[in-house]
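For the record, the sequence lines run as chains A and B. Take the first sequence: its position 159, counted from the start at 1, is 159 in the working numbering, and no numbers get skipped. Take the second sequence: its position 214, counted from the start at 1, is 1214 in the working numbering, and no numbers get skipped.
The hints are simulated quantities; they were obtained by calculation from the structure and are not laboratory data. Bear in mind the structure is a predicted one, so any value in this text is a computation, not a measurement. Cβ coordinates follow ideal geometry from the N, Cα and C atoms, glycine included. Any given hint could turn out to be false.
[Claimed, not checked] DSS-like mimics (lysine-lysine), calculated; alpha carbons at most 25 Å apart, straight line:
(1) A/Lys-49 to B/Lys-1172
(2) A/Lys-45 to B/Lys-1172
(3) A/Lys-31 to A/Lys-115
[Said to hold, decoys possible] With the Cβ distance kept under 8 Å, some of the chain A side facing chain B (calculated, not the full set):
(4) Pro-18
(5) His-32
(6) Phe-123
(7) Ala-278
(8) Asp-279
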Amino acid sequence: MVSSIFKKNRWPIEIRPPSGWLKLELGAVWKHAEIIYILALRDIKVRYKQSLAGVGWAIIQPLLTMIVFTAVFAGVVRVPTDGSPYPLFSLAALVPWSYFVHAITKSTTCLVVDKDLITRVYFPRLVLPVSAVVGGLVDFGIAFALLVILLLAYGVAPTAAVLLLPLFLLLAMLTALALGLWLSAVNVQYRDVNNALPFFTQVLMFISPVAYPSSVIPEKWQMVYALNPMATVINGFRWALLEGQPPPGIYSLVSVAVVLVALISGLYFFRWQENRFADVV
Amino acid sequence: MSSEQPMIEVEGLGKCYWVGGHPLIDNMGMHALLERVFRAPVNLITDRFLKREPTCHYPVGKGHMRWAIREVSFSVGRGEVLGIVGHNGAGKSVLLKLLSRITQPTEGFARLHGRVSSMLEAGTGFHGELTGRENIRLSGAILGMTRAEIEARMDEIISFSEVEEYIDTPVKRYSTGMVLRLGFSVSAHLDTEIMLIDEVLAVGDQRFKQRCIEKMRGVARSGRTVLFVSHDLEVLQKISDRAILIRNGRVEMDGAPDQVVAEHLATATGMNSG
Chain A
1 MVSSIFKKNR WPIEIRPPSG WLKLELGAVW KHAEIIYILA LRDIKVRYKQ
51 SLAGVGWAII QPLLTMIVFT AVFAGVVRVP TDGSPYPLFS LAALVPWSYF
101 VHAITKSTTC LVVDKDLITR VYFPRLVLPV SAVVGGLVDF GIAFALLVIL
151 LLAYGVAPTA AVLLLPLFLL LAMLTALALG LWLSAVNVQY RDVNNALPFF
201 TQVLMFISPV AYPSSVIPEK WQMVYALNPM ATVINGFRWA LLEGQPPPGI
251 YSLVSVAVVL VALISGLYFF RWQENRFADV V
Chain B
1001 MSSEQPMIEV EGLGKCYWVG GHPLIDNMGM HALLERVFRA PVNLITDRFL
1051 KREPTCHYPV GKGHMRWAIR EVSFSVGRGE VLGIVGHNGA GKSVLLKLLS
1101 RITQPTEGFA RLHGRVSSML EAGTGFHGEL TGRENIRLSG AILGMTRAEI
1151 EARMDEIISF SEVEEYIDTP VKRYSTGMVL RLGFSVSAHL DTEIMLIDEV
1201 LAVGDQRFKQ RCIEKMRGVA RSGRTVLFVS HDLEVLQKIS DRAILIRNGR
1251 VEMDGAPDQV VAEHLATATG MNSG
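Input sequences plus hints: build the corresponding full structure.
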């Protein structure tokens, strides 16, 4: 009478002390994709439920930052923008940047926030940071809509490069996930990570071309500058959306390489630490 | 009762924990951090090559190791209800945590021939911000069920739990009893081959207790295996086919429920801690 639901699974389940080579078992994460969906949905609900501005928060933050940036960097300091109106120039960067900060914060704290799940039920723990990164996409979508409206208002038409926009978004997601894997696993034991995170993202913003164009960086430093993948993400967003912006150069490959190394090492680190999460958190 | 192949085989299972201040957790100072960075890899390598007994090293700080359970071996057949008896701190809950894969053993192994649903410490991995209905979906998803499979059982789960009225309210607003009923209902109705239940009956009222007992019997009759921890010895005797007594992390006795309970009660008087 036991239902056939689980027929497709392989038996038996072996429970042993951790030993041998670490396997990533990404297939198990895929099999639990439904959890990613439910948890991402929950994050969105929680974010907007007991709040007055609700969905507005997704827009308020980048919008206000854009206004402040425009006042300071276009009005006072006069930062070059490669020919684009400054509000557009900064918002095109602030939208992916806000997503990144949101995703990295959520994924860093996910294991501690979902302590109740971790200490009571088994599932591949990788599901948690992944759902944090995916859940942030809703906010991104709302903020992106604001960006589109502003583009229309300024009468800026996108070029064919806009088709590559999803790739740059993917790069932002993977960057957030890679950092989130490392930081969340460490945060389980050392909550210092959580305290240091706002400072870390703030510093990262200054070394990313959010308020200024990356063309102000001297050529010989461009390669070093591209070690920060968010530089490529932002350059990509500007290039895809604003006519006349330079394409992210060959150094983008440096960013991609950095993300891949961080992501793969992060996956292994996370898996290595995973066994201890329930005991330590 | 039990058929050819056991559903759960446990062989020499052991788990050790740090007690009294793990040097790496409780004093997160520089000294401990350096220990971890330099000592851990060395231990990892020497363990592998010397095939050393799996124990935890890092002899720093005031902490010491304690085996929560050790050399635990038993097996449970299909459709069998196994009661687990023992004093507080004997290791019952750790055993269930190991079998539900929440934590990993230090030594030994266990083999489970089926999917496990568990209800450990009345909470079952519910999320407070999600509604009852969403939590049911979450539990199903955690077990790897598809959305259609979960929806098919939704009504049954809700009606057994008797929280219909609040099913679309976030679980954080539920009373303890409501969470408990929903939790039990979820693990009883999601058709896993193995069900692990830790002390559900402690919080419920008499009527709910009665329904749980009936449900667990029904679950076992349908061929599912139930492992069940309780301090309610009367109930345990009533529904278990067999029982094991765990004392100081080891299986002290494995046999008929009334004999195991009698043995447990006999030792209870000699103990100074309950």
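(message) Flag every earlier hint the structure violates by its number, smallest first.
(response) none
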